[in-house]
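K.L.:
Assemble the complex: chain L is given as a structure, and chain D must be docked to it using the hints.
Protein chains: 2
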Amino acid sequence: MMRLDARTAEFEAGFAALLDQARETTARVDAAVAEIIAAVRARGDAALLDCTARFDGWTPAGVGALKVSAEEIAAATAGIAPGLLKALDLAASRIERFHAAQKPEDLVVPDPAGLTLGMRWTALDAVGLYVPGGKAAYPSSVLMNALPARVAGVGRIAMVVPAPGGALNPLVLAAAQRAGVTEVYRIGGAQAVAALAWGTASIAPVDRIVGPGNAYVAEAKRQVFGRVGIDSIAGPSEVVVLADATNDPRHVAVDLLAQAEHDESAQAILITDDAGFADAVAAAVDAELASLPRGAIAGESWRRHGAIILVRAWPEAFALTNRLAPEHLQLMLPEPAAALREIRHAGAAFLGRWCPEALGDYVAGPNHVLPTGRTARFASGLSVFDFLKRTTWVEASAAGLAAIGPAAVALAEAEGLHAHGRSVALRLPPAG
Amino acid sequence: MMRLDARTAEFEAGFAALLDQARETTARVDAAVAEIIAAVRARGDAALLDCTARFDGWTPAGVGALKVSAEEIAAATAGIAPGLLKALDLAASRIERFHAAQKPEDLVVPDPAGLTLGMRWTALDAVGLYVPGGKAAYPSSVLMNALPARVAGVGRIAMVVPAPGGALNPLVLAAAQRAGVTEVYRIGGAQAVAALAWGTASIAPVDRIVGPGNAYVAEAKRQVFGRVGIDSIAGPSEVVVLADATNDPRHVAVDLLAQAEHDESAQAILITDDAGFADAVAAAVDAELASLPRGAIAGESWRRHGAIILVRAWPEAFALTNRLAPEHLQLMLPEPAAALREIRHAGAAFLGRWCPEALGDYVAGPNHVLPTGRTARFASGLSVFDFLKRTTWVEASAAGLAAIGPAAVALAEAEGLHAHGRSVALRLPPAG
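Protein sequences, first through last, are from chains L and D.
The first sequence maps to residues 1 to 432 in the working numbering.
The second sequence maps to residues 1 to 432 in the working numbering.
In case anyone wonders, no lab produced these hints; they're calculated from the structure.
Honestly, I wouldn't trust all of these hints.
Stated by the list, open to error - Examples of chain D residues toward chain L, derived with CB under 8 Å:
1. 102
2. 124
3. 207
4. 251
5. 255
6. 304
7. 340
8. 346
9. 355
10. 398
11. 404
Stated by the list, open to error - Computed footprint of chain L on chain D; a stretch qualifies when at least three of its residues, placed anywhere within it, have a C-beta under 8 Å from a C-beta of chain L:
12. 169-176
13. 371-381
Only a predicted model underlies this, so the values are computations on that prediction, with no experimental measurement involved.
Every residue gets a Cβ at the ideal spot worked out from N, C-alpha and C, and that includes glycine.
Next comes chain L alone, as it looks inside the complex (with noise of 0.2 Å):
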């Protein structure tokens, strides 16, 4: 962990070391990704059969065992604890609400020369959803990238998951339902990205792939964009919390671990404006650590990337945030609204001292997947925008092209394109 003084000379050296931290080493799968690709697009269902037993650790019996059937579905979810099944609903009932107020309207824009110019909202036909089987098969994550695409309108909503040994997590099953995926197949890696992307005789293809996975599936997404969309390529995941020294410091520890846990390259800093109370969140930390089911992870990140930094006052404390654009951040001061309007980039931001950014994670409503690793500079998380594309539009008469066609006439000239002014000045009337 790093301990930063705002008030010291070795101060700006320091905070630019944390801002350059690289938190991720990415493995060269570039080849084996390509191979594995080429291999889907060529021999479709055959290779996916292949390189489940390669890859996933059991044999389909055929492709019919790579989807996941709707009786499957209903007799793993039928074990799920009702109170469970209620704090799934809660969370996917807040999501929807949300991410319902997203939704845009389409544009018709009044026009002087008496055109008719408008912009038009429409959702994408199919979406591919990757869920990771491993330690990280969250049904929260499902339900955050499955509703967005629903309360859009995507028609088709397609997830893979990897099931090592042919098996997977109910509550994963029961997120799928609740969110309206409409297929489920029980592969993953590459092999699934690129059938997603292409198409096999038994999976069509679909038009975004969004979701996150190891180091395989990132660049598997990578290849296959142009053909598909994708998402970003999440990093790992980070908290800033600015908190004063009226705060409880157990709370702000438990916030910072709560981060921490996720991964060893996850990172968790504190600004405050109190040297007493840093060092009171230090030690809760510690503490707090010691009975932590995930203390060894969530110890190695805050060792590593953990961060506490001491402020003389608030504004020195926003501008720092401002650059280090935050996938999360907590704002634990007595005006949390006005400090908002300082901070400029944030993924997400958690405003008071009852609001813990795992609030976010599950139920607030808000989109858990976020811009990580500065990008909230120009980047946002998952919303309703990324199922939707824009058509925009224009309707003209011949008065309307007659009042603006001229200026395209001069300016297509003027850049060398003829056919462009011909085609207007074709159709305007004749000069007199």
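P.N.:
Just chain D, lined up with the frame of chain L:
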């Protein structure tokens, strides 16, 4: 040019071949580009000077020569014909008005559990705009790329443009000035992209890079993606024209050629329900080609990638159009607005017989940077949304947390993320 007739047995195979037609071969330049980016990161401005001398055909006197001064812009634009400046201004004003209408509102979402939820839009701090220096140095592209950023509220818009021999296109500089570009550098290639992404002593880094370029520029954007945002890598341009026999065949022919004159990889497709009209357009294309200044390019595009498709009825044409998902779509039909409702995928639509696509390239108002190569299935044209990002936020009171917190705890425990659960549970009132 391919003639297809939907009444024939071989139609589906022919149409599938049209859909799969590869219209571009991408040179492998990744190693060369990686080397250039590494040089700019390591040596900054000195590497920019070296690369400019090596690749751009002129030797800058020093770092100061890379930046285009306000005096240089004033001198270069002084000689532009007033009529042309007026056309540029009309285009800019109309593009501004249309993009201003796109600006979304912040959300505050009512919540039944008593929390406050919202979503806020903020502009990017800084954007880089790549402008090609060769045959494709189009002032209209400067307007289309820079104005949405300006309308979004981006503070810094840094333009880079290679200057063979050090000279720049005056109308490109006038467009930059009109569009609110804040800095212009006469650099290009992968080195310019690297400088925008990583910054040098004389060029501050940006958050997103947009604008078209050659294979080196496209690969450089790919390689800096993640460090900064990028726009999509545009492929060759295309148009689909739906026209019935009441149209003037010559109008349709010139519209097809306006697309074809862009480059040999461009594609122009006519879909009609009248065989005689199809013949008339084909003949008119040949006649117009003879007198077109860029006839060699347009002819090559038409022969290689052009197509005329004959359908039995318009619903068939709409279905084929959805499979093509064209960048540009002209609907030269009696009820174009009704036809547009049948189209799910198109970058931009032009309605009626008085609305050639070239109007949209220059002055209509919507953006001319559009998704190519069937990517309109999932992608959209450039807009203010490309220069804004969203921050979602949640504010919870103790009562709000108590209402939904237990569900978060249940889901966190089910996912094995105990610090997540604990960060919520610690703040809940004692169970009683």
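K.L.:
Against each hint, give a clear statement of whether it holds in the structure.
P.N.:
Each hint tested on the structure:
1. 102: At about 7 Å, which falls below the 8 Å cut-off, the nearest Cβ of chain L leaves the hint on residue 102/D intact, so it holds.
2. 124: With Cβ-Cβ at 5 Å, under 8 Å, it holds.
3. 207: 4 Å, holds
4. 251: 6 Å, holds
5. 255: Since chain L brings a Cβ to about 5 Å from residue 255/D, closer than 8 Å, the hint holds.
6. 304: Because about 17 Å separates residue 304/D from the closest Cβ in chain L, which is outside the 8 Å limit, the hint is violated.
7. 340: Because about 6 Å separates residue 340/D from the closest Cβ in chain L, which is inside the 8 Å limit, the hint holds.
8. 346: 5 Å, holds
9. 355: The hint holds - residue 355/D has a Cβ within 8 Å of chain L, the shortest such distance being about 4 Å.
10. 398: Since chain L brings a Cβ to about 5 Å from residue 398/D, closer than 8 Å, the hint holds.
11. 404: 5 Å, holds
12. 169-176: With 1 residues closer than 8 Å to chain L, the segment 169-176 of chain D misses the three-residue bar; violated.
13. 371-381: holds (count 9)
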